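Colleague: Using the sequences plus the hints, can you model the full thing?
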Amino acid sequence: MSSPVTAGWGYVAGGYGAIGALVAGYVVSVLRRRRSLTRRLRPTPAEPALDHRPSTATVEEVP
Amino acid sequence: MTLTVPALSKHPRRSLLDRASFVLGVASAVGVVALLFLGLVVSPPAILYGETVRLIYVHPAVATITFVAFGVCALASLAYLWPRTRSPRWDHLAGASAEVGVLFCAATLVSGSIWGRYTWGVWWTWDALLTLTLMLFVVFVGYLALRRTGGDPVARAKRCAVTALLAFLLVPIDHYSTSWWNTLHQGNTVLRVGKSPLIEGWQLATMLLSFLVFAVLFAWILLRRFEVESMEARLEDEGYVWAIAERRAEGR
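Sequence order for the protein chains is A and B. With the working numbering applied, the first sequence covers 1 to 63. With the working numbering applied, the second sequence covers 64 to 315.
Derived by calculation from the structure, the hints in this document are not laboratory data. Predicted model, so just to flag it, every value in this text is computed and none were measured. Just so it is clear, CB atoms sit at the ideal spot from N, CA and C, and this is done for glycine as well. Errors might be hidden in some of the hints.
[Claimed, not checked] DEER-style ranges, computed between Cβ atoms:
| # | chain 1 | residue 1 | chain 2 | residue 2 | range |
| --- | --- | --- | --- | --- | --- |
| 1 | B | LEU275 | A | GLY10 | 26 to 34 Å |
| 2 | B | PRO151 | A | VAL28 | 22 to 30 Å |
| 3 | B | GLU313 | A | GLY25 | 41 to 49 Å |
| 4 | A | GLY17 | B | LEU267 | 23 to 31 Å |
| 5 | A | LEU31 | B | ARG211 | 15 to 23 Å |
| 6 | A | LEU31 | B | TRP183 | 12 to 20 Å |
| 7 | A | ARG32 | B | LEU228 | 26 to 34 Å |
| 8 | A | GLY20 | B | PRO108 | 18 to 26 Å |
| 9 | B | PRO107 | A | ARG42 | 50 to 58 Å |
| 10 | A | ARG35 | B | VAL86 | 15 to 23 Å |
[To be verified] Covered, in the sense of this in silico footprint (three residues per stretch, anywhere, with C-beta under 8 Å from a C-beta of chain B), are these stretches of chain A:
| # | segment |
| --- | --- |
| 11 | 13-27 |
| 12 | 31-37 |
Modeller: This is the structure we're talking about:
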């Protein structure tokens, strides 16, 4: 059976651990979302504008 | 014919917001280390609570920041509803602050439950303060769910702002419940009208530091979350612009 002193430290560890895990988990998820969104919002310089002109390519006739 | 699409926003530059966020992040890290050192090593155990008194260096500060977060959410919602100050940024700030508030509210409930088990012998009891804090948590989770609903963004933002203001009414009731009703939960430890604090020395210093550290940590998380909220809105807007431009080009 644990002494009152040891039991006290168990509750302290539980309280600090729970808050630490919640906050750290949330912070990591926010930073990951931020990084992902920053990447998605970055313009791609080589991306050409969509071209809807009629194609000049020849099409082989199907017998 | 060539499809003309408005240019996408440029990559966000290093701004004042970034620098403030960096400073707050470093201050939070240093503060957390200092608080752990003072709370777990320097501060002595209490006569009545023994080692568990160390929970007083996290639980009250986290609970206070919960109220601050929901207060920021309510103020930002008010600024959004006010026609002169209406801007999507207020809506983003309200959403970000509510989410961080829900996180701190969850931390309050969990740490309070652990402390309650030691002092009262039960993990949970339907005490006025505990029940109201749980209600606050559930109501703001509902608010976050409301933010995820579809439809017109302006109508949704107005709906959410009104909901946030109504939800905030629970905060003063929750805070003053220990004074208004007979509850198991103890009253204020430091701010007592006409009386000196119940703790002193290193215990008082550590507890006061905990309020400062969690306030800085909250400000840092809020800034980062606000950025994410703004970027998500931009992505949604630009997605619409592309979709409309493509549909127009198809119709030509």
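Colleague: Enumerate the violated hints, using their earlier numbering and listing them in ascending order.
Modeller: 6
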